[in-house]
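Chains as they are written, first to last, in the working numbering: chain A, 1 to 487; chain B, 1001 to 1485.
It cannot be assumed that every hint is accurate.
[Stated by the list, open to error] List of simulated lysine-lysine pairs, BS3-like, C-alpha gap at most 25 angstroms:
| # | chain 1 | residue 1 | chain 2 | residue 2 |
| --- | --- | --- | --- | --- |
| 1 | A | K92 | B | K1376 |
| 2 | B | K1485 | B | K1471 |
| 3 | A | K109 | B | K1373 |
| 4 | A | K92 | B | K1233 |
| 5 | B | K1233 | A | K31 |
| 6 | A | K109 | B | K1376 |
| 7 | A | K92 | B | K1038 |
| 8 | A | K86 | B | K1028 |
| 9 | A | K85 | B | K1233 |
| 10 | A | K85 | B | K1376 |
| 11 | A | K86 | B | K1373 |
| 12 | A | K92 | B | K1325 |
| 13 | A | K467 | A | K451 |
Simulated from the structure, these hints should not be mistaken for lab results.
Here is what each chain is made of, one letter per residue.
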Amino acid sequence: MIKNKEYLIKRGSSEYEVIIGLEVHAQVLSKSKLFSDSPTNFGAEPNTQVSLVDAAFPGMLPVINEFCIKQAVKTGIGLNAAINKKSIFDRKNYFYADLPQGYQISQYKDPIVGEGSILLDLPDGEKKVGIERLHLEQDAGKSIHDIDPQNTLVDLNRSGVALMEIVSKPDLRSPDEVNLYIKKLRSIMRYLGTCDGNMQEGSLRADVNVSIRKTGDKKLGTRCEIKNVNSIKFMQMAIEYEANRQADILEEGGSIDQETRLFDTKKNETRSMRSKEDAHDYRYFPDPDLLPLELTDDFISKIKKEIPELPDEKKKRFVDKFKLTPYEANILVSDIETSKYFEDVIKNSDIKLATNWITGELFALLNDRNLEISESPISSKNLSTLINLIKDGTISGKIAKTVFEIMVNESKDPQSIIEEKGLKQQSDPKEIEKIVDDVIKENPKNVELFKSGKDKLFGFFVGQVMKKTDGKANPKLVNDILKKKLN
Amino acid sequence: MSDIINLTLSALINKIKKKELSSQEITKAYIARAEKSKDLNTYITTDFENAIEKAKKFDEKGNFDYKLPGVPLAVKDLFCTNNLKTTAGSKILSNFIPSYESTVTQHLWDEGAILLGKLNCDEFAMGSSNETSFFGNVESPVGKKIVPGGSSGGSASALAAKLTPATIGTDTGGSIRQPASFTGTVGLKPTYGSCSRYGIVAFASSLDQAGPMTQDVSDAALILDVISKYDNKDSTSVNFKRGDYFKSLSSNIKGKKIGIPKEYRVDGMPKEIESLWQDGITLLKKLGAKIIDISLPHTKYALPAYYIVAPAEASSNLARYDGVKYGYRSEGENLISMYENTRSEGFGDEVKRRIMIGTYVLSSGYYDAYYLKAQKIRRLIKNDFDDAYKSVDAILTPSTPSSAFKIGDKTDDPVSMYLNDIFTVPVNLSGLPAISIPAGKDKNNYPLGLQLIGKAFEEQNLLDISYSMEKELNFKNNLQDWWIK
């Protein structure tokens, strides 16, 4: 990981610092849309989740979905932000085929959530990133240009779906910080249950504002906005490209035009979409179909009571109570499902072993198979049992790995695997003594060499015993007995 | 037959309830008269066959306890009606058939009323003379080549010509009261938030309000009983305790305090309007009311503020008519040219004018100077009324600064057309209820109306005052049926 101060763009003798701000569009987790009761299911047949309101039929009126308001307030609390008791829905006017009303209902001057912050865990310490605001708005539909060669088709399923636009302050300084920021934001919203954070399904996407300035300069440079980037990797690539593009221009004595750009994922470059002069005049004005939204103290305090333990608090608890390192705690709390899994496992088993097995074997497996922890082939209960079997000496750590693999493939509990496959550790001293005696009898030469001082041969004897027991002999007993017999 | 069409709505209902008249007889009488009155051009769409069918069903097994049992009604073509073309007087919706019903019309049918058809109006309710309709102008029965007012011109004309026993219109800046005044009928704009806007083609959302247009005040109370209901599908609908308007009607207004705003005495107001107003004052005194001179100091800013706020909202409300989803479409080489062709061909001049004004006043750099300032003025005007209502119960003004004018007289001069709304727009900007009742005639024998403006949600008070005045005024249109063929 690159440290924050180290991400600089170098051109000759100049060094440029990169200033990044994000406008994240997060889909509110909600069964119905922001202003209508149509469902929000992803991947439904085109135009099957559309009401007369969503399609903007004459005389149709928006009615606020209270649940979406709750979700926005919840998210605001999770971002340590000020909740505005009065907010206003405005119309953002522009024409597009997939915008049925001819305007998007959004919040402009008076958003529902004000300033807040997010804590990032950088390798060299924590960093606070400011949140400027969070506001609610409707999503547009989708224009599909590649099905019919003659026509553009429009799917209005997404039209009217509630989005939270979360605007950061220009506090980010590198692609890595952007990565951490998005992951942290996503984590908080998943803890809260306010956004599923699914980037493949477009539940989380961002407009990325990038500017550069010479190190030491106080004044911000002119920024470019890269629209609608839908993965962290693309955000990072786009920033990298854009910062370098801007540095090239400045180095040649040019100046940056404030403009909106698009990131071409195939060519890995940003392209101008429209300049400041061509910027839309959205003619924002308060939507006369909706009254100002006023929240009562009671409404807000009820939501406050529903806020679960969030990643920062959970991390602190894991460090304090379970004696995890901050690094381990971070890994385990970053995803709410992982933290739940972890806490399930340690209910009945050793914390240290559980931490190692989850962050080691289990993560490797999930990574390998590209699975979420909720899809893990090994249940928390079975992992807990496995750890207890190691702890009480029934199996060795090495055998446990074999059992783990069988558990993955056969989805059985570890106890029955050990019994079926006879993998139980041999811990009977008399049995092991017998085998040790056999090994000594069969290798007189090596016994002699060992006794004459070739200590390294001890490993050979251990190996021979393990071989005869298919690796099941309790290693500690084998060691003790061998030492006794050979000396 | 002629007996039927001369009955008021409440008289008709009495006869139906007593089974002296059947729904079919009544429905057929109105249809027959409409067939002979086509020259007035009041209807955009008729639904006569269905109406007779429904009347037949009502006569067979209808519920006579309904408030509008088997009563045929035609409504302004701004209300969306399930399965029946709804055009808003525009080419752009000339082929639009809704799959849903407006809340207000649904309330009518739920009380037993039967839809006769859809009445002409100014395009998207933008106009004061019903001359902007794509379906042609409407003639008023009060005189040849005379406008019925607008935008609910078709409704006013049909009502005055006795083609429907009552009707409903919408009022954004006077669109119920001004045509009522021009045609010698009663028009009530209820308090903003009384009647649901759900399913009404929107013009200016913060001003639009549906209301009754009737032959007399008690009919207005009766219709208001049916259509004024809280609706959770309209976020601006207000859940207040509605009165039992028709039953509670009282002509005793002794001791009521009526305000006379000096700012309504505008320059160039015809003498006959001035004396109409004076006669109204004298009458109220006679009825035992107390007359109090009041001031509404920001009145002169109301019209300019209205012509900023209403077009601003309209420019956004009408963005949905883009040829993509429904309505008229004119193909183009690409999306932008399809938009341009569709909207250039689909909208008429007045609508385009207001879209342009609205777009302009909301543009960055102009927003503060126009839209924001207009909103501030709007608040000042509301404050004026609030102050006045500390000392009065209602306010009396003329409904319009002139009587009905000739078709074509003002079409080339939008500003003089807009000036027609000078007494009605402050009411919409303040969200207050107001009623226009016929109170006299001008030298040409064209009707003139008086407007009573009330406190928010106090429609009963307005109805009582106008009810008591109506009894004394004893206004009669005495139309000669010159348009009948």
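Against the structure, the hints come out as follows:
Our distance criterion of 25 angstroms between C-alpha atoms is met by K92(A) and K1376(B), whose separation comes to about 21 angstroms. Only pairs whose Cα atoms come within 25 angstroms are accepted, and K1485(B) paired with K1471(B) is rejected, the gap being roughly 33 angstroms. Among the hinted pairs, K109(A) with K1373(B) is consistent with the structure: their alpha-carbon atoms are about 17 angstroms apart, no more than 25 angstroms. Proposed proximity of K92(A) and K1233(B) is supported: the alpha carbons are some 22 angstroms apart, at most 25 angstroms.
Distance restraint check for K1233(B) and K31(A): the Cα-Cα separation of roughly 19 angstroms lies within the 25 angstroms cut-off, and the hinted pair is therefore satisfied. Distance hint between K109(A) and K1376(B) is fulfilled; the C-alpha atoms sit about 17 angstroms from each other, no more than 25 angstroms. Note on K92(A) and K1038(B): the hinted pairing is violated, with a Cα-Cα distance of about 44 angstroms set against a maximum of 25 angstroms. At most 25 angstroms may separate the alpha-carbon atoms for a hinted pair to count; K86(A) and K1028(B) exceed this at roughly 55 angstroms.
Between K85(A) and K1233(B) the alpha-carbon distance is near 24 angstroms, which keeps this suggested pair within the 25 angstroms criterion. With a C-alpha separation of about 23 angstroms, the suggested pair K85(A) and K1376(B) falls inside the 25 angstroms cut-off, and the hint holds. Straight-line distance between C-alpha atoms of K86(A) and K1373(B) comes to about 22 angstroms, which keeps the hinted pair within the 25 angstroms bound. This hinted pair checks out: K92(A) and K1325(B) have alpha carbons roughly 20 angstroms apart, not beyond 25 angstroms.
About 22 angstroms separates the Cα atoms of K467(A) and K451(A), which keeps this hinted pair within 25 angstroms; it holds.
Violated hints for the displayed structure, listed by number in ascending order: 2, 7, 8.
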